[in-house]
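Asker: Line order of the protein sequences matches chains A and B.
Per the numbering used here, the very first residue in the first sequence carries number 338; after that it's consecutive.
Per the numbering used here, the very first residue in the second sequence carries number 58; after that it's consecutive.
Wrong hints could be hidden among the right ones.
Said to hold, decoys possible - Cβ pair distances, simulated, as ranges: (1) B:K105 with A:L432: 48 to 54 Å; (2) A:L524 with B:E99: 33 to 39 Å; (3) B:K65 with A:K500: 52 to 58 Å; (4) B:P62 with A:D346: 49 to 55 Å.
Said to hold, decoys possible - The following residues of chain B were derived to be distant from chain A, with all beta-carbon distances above 10 Å: (5) E59; (6) K60; (7) E63; (8) K65; (9) P83; (10) I84; (11) R104.
Unchecked claim - Here are the computed lysine to aspartate or glutamate pairs in the EDC-like style, where the Cα-Cα straight-line distance is at most 16 Å: (12) A:K404 with A:D353; (13) A:K500 with A:E387; (14) B:K100 with A:D479; (15) A:K433 with A:D388; (16) B:K80 with A:E449; (17) A:K500 with A:D479; (18) A:K471 with B:E71; (19) B:K95 with A:E387; (20) A:K393 with A:D353; (21) B:K95 with A:E360; (22) B:K80 with A:E506; (23) B:K105 with A:D526; (24) A:K405 with A:D526; (25) B:K95 with A:D526; (26) B:K102 with A:D479; (27) A:K471 with B:E103.
Quick caveat, the hints were computed from the structure, so don't treat them as lab data.
Where a beta carbon is used, it is the ideal one built from N, C-alpha and C, also for glycine.
Single-letter residue listing:
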Amino acid sequence: LKFNSQGYDLKFIQKDRCRQSDEHLFVYIFKFNSPVTKLNYIVRAEYYDEDYCAVKFYIQQQSKSEKKYNILINNTPSDIANILITTSKCMLYVLKLHPLCSFGFIASPTYEIKFGKRVLVENVNNNQRFKVYKHAISRLFDGRKFTEYYNTFISSILLVNNKNEGLDEKRRLIEADFSRRWRVYPLPDML
Amino acid sequence: MEKKPEMKRPTKGERLNWTPLSKVTPITLTPTVLQSEKIDPEKYKERKNLNPLFL
Numbered sequence: 338l339k340f341n342s343q344g345y346d347l348k349f350i351q352k353d354r355c356r357q358s359d360e361h362l363f364v365y366i367f368k369f370n371s372p373v374t375k376l377n378y379i380v381r382a383e384y385y386d387e388d389y390c391a392v393k394f395y396i397q398q399q400s401k402s403e404k405k406y407n408i409l410i411n412n413t414p415s416d417i418a419n420i421l422i423t424t425s426k427c428m429l430y431v432l433k434l435h436p437l438c439s440f441g442f443i444a445s446p447t448y449e450i451k452f453g454k455r456v457l458v459e460n461v462n463n464n465q466r467f468k469v470y471k472h473a474i475s476r477l478f479d480g481r482k483f484t485e486y487y488n489t490f491i492s493s494i495l496l497v498n499n500k501n502e503g504l505d506e507k508r509r510l511i512e513a514d515f516s517r518r519w520r521v522y523p524l525p526d527m528l
Numbered sequence: 058m059e060k061k062p063e064m065k066r067p068t069k070g071e072r073l074n075w076t077p078l079s080k081v082t083p084i085t086l087t088p089t090v091l092q093s094e095k096i097d098p099e100k101y102k103e104r105k106n107l108n109p110l111f112l
């Protein structure tokens, strides 16, 4: 996979208040279109009070699905590099407003849909999205802006902003904040 | 000539031994479970042809 392209135009939609139970402070919402997959994508950068953002994206037509982060659309040809580059552009937008902001991602396990029913679930640890995201980050960042932390067990990635003092302490604070908000994973609405 | 019985190709989930949804047990997110590992700084030096957009 090559990650040298410019991606697509990421359109800022709005800054919205928290409408969910996980109590982020606010969310920046973006949108873009892939001319290859012919789909619109929604990107959410949810900002939390420990000065970090959880970056999420999904296909707009799946907006109302509780499994929108788990569904895999097998588009041919794939446009995953451009999609991940464009999604990552939201980080540049957030960094202009919050220069010390760190970023976190959880690679959702894929749900295998069979006869319209979800029956099989990919393992949480080291899942396929985690492997792709890890590869993408290694093609986009060189360690100068962010220090990378990986958790293979729950397939999560943390990019701690190097402008913070005490990077390991910052990582610990973010993880502590995370465990207070979500005590279990997968979340009940994913099951 | 005897006709071979039709073999149904297993789904991707079956091939990769994924878990049935009903058997998924949520993981309790303790600080130990959540603890991430810092990447080896030497790995950054191995990276080449990075996207200039994010540098």
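Asker: Now tell me, hint by hint, if it's right for this structure.
Answerer: Hint check:
For the hinted restraint 48 to 54 Å between B:K105 and A:L432, the CB-CB distance of approximately 24 Å leaves it violated. At roughly 36 Å, the beta carbons of A:L524 and B:E99 sit within the given window of 33 to 39 Å. Remark: the range hint 52 to 58 Å for B:K65 to A:K500 is upheld by a beta-carbon distance near 55 Å. For the pair B:P62 and A:D346, the supplied restraint of 49 to 55 Å holds, since their beta-carbon distance comes to about 53 Å.
Under the 10 Å C-beta cut-off, the non-interface status given to B:E59 relative to chain A holds; the minimum distance is some 31 Å. Once the 10 Å rule is applied to beta carbons, B:K60 is consistent with being away from chain A; the minimum gap is 26 Å. No Cβ of chain A comes within 10 Å of the Cβ of B:E63; the nearest lies about 18 Å off, and the non-interface call holds. Listed as outside the interface, B:K65 is consistent with that label: its C-beta sits roughly 12 Å from the nearest C-beta of chain A, beyond the 10 Å cut-off.
Some Cβ of chain A comes within 10 Å of the Cβ of B:P83; the nearest lies about 4 Å off, and the non-interface call is violated. Non-interface call for B:I84 relative to chain A: violated, since the shortest CB-CB distance, roughly 5 Å, does not exceed 10 Å. Consistency note on B:R104: stated as away from chain A, yet its beta-carbon is not over 10 Å from all of that chain's, at 6 Å minimum. Simply put, A:K404 and A:D353 have alpha-carbon atoms about 21 Å apart, too far for the 16 Å limit, and the pair is violated.
Our distance criterion of 16 Å between C-alpha atoms is met by A:K500 and A:E387, whose separation comes to about 14 Å. Of the supplied pair hints, the one linking B:K100 and A:D479 holds, its CA atoms being roughly 9 Å apart against a limit of 16 Å. With a CA separation close to 13 Å, the supplied pair A:K433 and A:D388 stays within the 16 Å bound. Pair hint B:K80 plus A:E449 holds up; C-alpha atoms about 14 Å apart against a cutoff of 16 Å.
Simply put, A:K500 and A:D479 have alpha-carbon atoms about 15 Å apart, close enough for the 16 Å limit, and the pair holds. Distance restraint check for A:K471 and B:E71: the Cα-Cα separation of roughly 25 Å exceeds the 16 Å cut-off, and the hinted pair is therefore not satisfied. This hinted pair does not check out: B:K95 and A:E387 have alpha carbons roughly 19 Å apart, beyond 16 Å. Taking the CA atoms of A:K393 and A:D353, the gap is about 15 Å. The hint holds against a cut of 16 Å.
With a C-alpha separation of about 27 Å, the suggested pair B:K95 and A:E360 falls outside the 16 Å cut-off, and the hint is violated. Annotation: proposed proximity of B:K80 to A:E506 is violated, straight-line Cα distance about 36 Å (limit 16 Å). For the hint linking B:K105 to A:D526, the alpha-carbon distance of about 40 Å lies beyond 16 Å, and the restraint is violated. Between A:K405 and A:D526 the CA atoms are separated by roughly 11 Å; this keeps the pair inside 16 Å, and the hint holds.
Pair hint B:K95 plus A:D526 does not hold up; C-alpha atoms about 30 Å apart against a cutoff of 16 Å. Pair hint B:K102 plus A:D479 holds up; C-alpha atoms about 8 Å apart against a cutoff of 16 Å. Only pairs whose Cα atoms come within 16 Å are accepted, and A:K471 paired with B:E103 is accepted, the gap being roughly 15 Å.
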